[in-house]
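Undergrad: Sequence:
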Amino acid sequence: PCERATQTARCSSWKVRKSALLFPAKRQVAMRRATKDISSLRWFLLVLLLGQAACAVGLQAKPVRLVATSDVNDNQALTVEIVSGDGASLISRISALTAQDWFSQREALLKDHPEEIRSTKWEILPGMGVELTLMHRPSQAIFLFANYAGPGEHRLRLDTFKQPIIRLGKYRMEVVEQK
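In this text, residue positions in the sequence shown follow the working numbering: the first is 1459, and each later residue adds one.
Hints listed in this document are in silico derivations from the structure and should not be mistaken for laboratory results. Quick reminder that beta carbons are idealized off the backbone N, C-alpha and C, glycines included. Some hints could be false.
[To be verified] Mimicking SDA-like on lysine to any residue, the simulated pairs with C-alpha atoms at most 20 Å apart in a straight line are:
#, residue 1, residue 2
1, K1569, Q1534
2, K1579, A1599
3, K1569, S1550
4, K1579, R1625
5, K1520, P1596
6, K1620, A1519
7, K1620, G1587
8, K1579, A1546
[What the hints assert, rightly or not] Simulated restraints on C-beta separations:
#, residue 1, residue 2, range
9, K1628, W1580, 14 to 22 Å
10, D1529, K1569, 34 to 42 Å
11, P1572, S1528, 35 to 43 Å
Produce the entire structure from the sequences given, and follow the hints as far as they go.
TA: Shown next, in the form of structure tokens:
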């Protein structure tokens, strides 16, 4: 039936369509596997490129773990913010702030120093644990502010620790160096 070249092309395409009609599940499984493999490869390459880009601009990775006790902040959500800053005068200014001062002056400081200050904020629930990897330049200072309901500094400087674990307790926080 497929004697001429044009008819052969039609005939072979019919075979492909016919096998797809006869075995649609096999084709779908094969397509899903191929798509999954390609997307996994894309993610791997993206992470690899981002890691190399971070090293190229002199960034360092710092793993940080936050662990909240079951009675943290009198059983209420606790706002925690990690702040990194550049420049000696700005670092000394931030290191003099308590958590209450930071959260009240936060918007003004971020507006006045958009290039020098980076911050990330979370709401931590009682019993919750969070693992982070912070990317920073060696010249940056990294602070953690916790907005506890009670009085206190509630500020930690994290860049002095290699792999800190921060235990968020009922009324205060403490840092433990990871072994």
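Undergrad: Checked against the structure, which of the hints given earlier come out wrong?
TA: Result: hints 1 and 8 break, sorted rising.
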